Amino acid sequence: MSHRQEFENKDVGLIDVLDVVLDKGVAIKGDLIISIAGIDLVYLDLRVLISSVETLVQSKLDGDGQLSSEQFEKEKEALDHVTKT
Amino acid sequence: MAELKYLYGIIPTDELNQTPLPSFKGLDEQHEWYPIAFDGIQAIVCDLEESDYNESALEEKTSDVEWVHEKAFHHHEAVMRLHESYTVIPMKFATIYTSKTNLEETLTNHYQEMDGLLSWLKGKEEWNLKIYCDNDSLRKRTAAHNLTIEEKKKELEHMSPGRQYLEKRKLDRLIDQELEKDKEQQSSSIHDQLVTYSVKTDIKKNWNKDVTGRTDEMCWNSVYLLENQEAEEFLGKVKQLQKEWKEAGFTLELTGPWPAYHFSKLK
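Chains as they are written, first to last, in this note's numbering: chain Y, 1 to 85; chain V, 1 to 267.
Chain Y with its partners taken away, still in its complex shape (with noise of 0.2 Å):
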């Protein structure tokens, strides 16, 4: 079998095929396409769809940094009591 035999039949993923067919191919300016629009609409809701889940993965992570503070503020308190002690 060829290499190209063997890279064609592997499948293409869903992100492959947006990552292509959204962000580029031909899109003629300045001519009364409605894909101007139509696609900045998408774009828009594809970064909004991506945009949301990053913050929430970032409040989860804000979340996360605020419990390891407070664990360094115990931690910090014990090492203040064997200090003094």
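Hints listed in this document are in silico derivations from the structure and should not be mistaken for laboratory results.
Honestly, I wouldn't trust all of these hints.
Just so you have them, the derived chain Y footprint on chain V, three or more residues with Cβ under 8 Å [what the hints assert, rightly or not]:
| id | stretch |
| --- | --- |
| 1 | 69 to 75 |
| 2 | 205 to 213 |
| 3 | 246 to 260 |
Model, not experiment: these values are computed from the prediction.
We treat Cβ as the ideally placed atom computed from N, Cα and C, and that holds for glycine.
Following the hints, position chain V against chain Y.
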């Protein structure tokens, strides 16, 4: 009723004369696609009912992620079908003209450029590389083998426990930064070895895990335009690199051959 024209791509007339257009159902799953001739080029389109696909209808449809996924795949399939038999200028998903006249105006304005682009694209194909990495194992390696980090660790040993705690957190951040640098450098060295086979290349942005739906992280995303006859050697090289980098935690995922989406640019 007014009909919109959904444009998939542009192909050369002489190639269409040699291989007739295969049958294919358009975006609405009703209208068959067909060519609109314009001098030496052909616009491959399908008709869409104005009432179903006008701007506000489309706005509603494109806000439905499921619809976008399904139709983006349809667009991909259609352009791939063209790419199998012809040289093609692939259009972006959802390129819709309000009328035939409107489409013909565009073709008139861009005919020279499109014709030139088609001759240039003839015999070329696009391959896309995404590199994913196992962050945890890479992080361990960076932490163990990085000189800057090694030094910091030694400094730590002589500090008081409280200070050590703070400095360890700083060190963690430093490891993260160094990890990013390592990933970028290593991916870039893989890329450099593939550039030599290509007519043109482009480096794209990485998508995060929420978009890729994978557990490993995308650390590189690039595209290569190749002469057809270079492909076999290029693919052999990719296979070799896949083996070489597997142990280090890098997964090289190559897809193609794509129509030249990233290299079809009109002014």
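Hint check results:
| no. | hint | verdict |
| --- | --- | --- |
| 1 | 69 to 75 | holds (count 4) |
| 2 | 205 to 213 | holds (count 6) |
| 3 | 246 to 260 | holds (count 5) |
The earlier numbered hints are all upheld by this structure, with none contradicted.
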